[in-house]
Amino acid sequence: MNTKRRIKCFSLWEKYVAILFAVFAGLARGWAQRVEDEEPQWMRWQITDAYLKFDVESERETISSAGGGVQLANERLYLAPLIGIGAVGSIYHPDFLTINLRAEPGYVWQEIGPPGGPYSHESSVLQNYNASGTFLQTKPYTTTLFGSGTHDIHQYDFFNSATADVQTWGGSTGYRTGPVPMTVSFEQSHEDLQGLSTDSLLDQTTLNCHARNERLHDDATDLTYLYSQYDQTTDGFSNPSDSHYVTLTDTEHVGKKTLNSTLWYNQLDSQNDSSANLNAMLDLSVEHTTN
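FYI, the numbering for the sequence shown is 1 to 291, going by the numbering used here.
To be clear, the hints were calculated from the coordinates, so they are not data collected in a lab. Please note that a few of the clues may not be correct.
To be verified - Restraint-style ranges between C-beta atoms, simulated for each label pair:
no. : residue 1 : residue 2 : range
1   : D222      : D242      : 22 to 30 Å
2   : Y265      : G195      : 37 to 45 Å
3   : S172      : D231      : 39 to 47 Å
4   : K256      : V180      : 25 to 33 Å
5   : D269      : T289      : 25 to 33 Å
6   : T143      : Y107      : 35 to 43 Å
7   : D283      : Q41       : 15 to 23 Å
For every residue, glycine included, the Cβ atom is placed at its ideal position computed from N, Cα and C.
Model the full assembly from the supplied sequences, consistent with the hints where possible.
Spelled out as structure tokens, the structure:
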């Protein structure tokens with residue numbers, strides 16, 4: 001019978017080292033100034049932050065038999081330097097289009113093997129990018145678009161790791177004033193995971209719609225619709241599913257009476273199963289006083 005012991009020598013995780021650049025472009029122009037005081041300009045950019053991130057891990061794993069006669073040991077050294085840069089900019093005017101960018105390119109190197117060698121070496125380029133743009137941010141119909149992408153390595157133990165590539169994009173919009181303010185948001189993601197015993201692909205799509213009407217005496221009607229699509233493919237086998245979720249609530253006050261109404265609807269469709277549920281609830285409360 002074997003026993004397994006792992007010793008963590010040291011780990012420095014997400015240790016940031018601040019870097020002062022000469023003078024950030026555009027800093028002297030006062031980006032923090034109120035945007036309504038800024039004159040239109042075709043394009044402007046400012047670096048908001050810049051930093052170094054260095055991740056170091058060292059591990060030693062010892063496997064010994066129950067009698068202590070046989071011992072096997074492995075060591076792992078992991079180094080991952082990374083540079084981070086953030087920037088904010090605008091086109092014509094910040095009220096028209098504001099853009100936020102962040103990039104974290106990096107490099108990972110590790111060696112694995114028994115004490116004294118021979119060692120195996122692995123290296124890869126890491127990537128982490130985020131971007132978003134907001135149109136007409138002072139208007140009730142402001143719209144935001146975003147996107148991100150990562151390329152990362154997940155180390156599960158000494159000899160098992162996986163490479164993950166993830167891309168996400170989407171946006172949100174709506175009309176946030178008037179008798180029935182409403183918002184709509186959309187998001188789609190794709191994940192490609194390789195390196196374990198099986199490779200897998202994961203695609204997800206969500207759509208969220210929300211509307212609310214508020215009236216006198218705290219009366220209100222609220223509607224939420226959520227659509228979700230999920231599809232995971234493993235070794236060529238796909239298992240997609242779709243779901244719909246609707247919630248409708250209403251609150252009415254008449255004198256000392258309060259009526260709360262709620263309607264739920266949930267539908268799930270997949271290759272193996274399909275279901276639909278409808279629930280309704282009414283709650284009437286009456287306030288009694290001594291007068």
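- request: May I ask which of the numbered hints given earlier this structure violates, with the numbers listed in increasing order?
  value: Hint check: 3, 5 and 7 fail, others pass.
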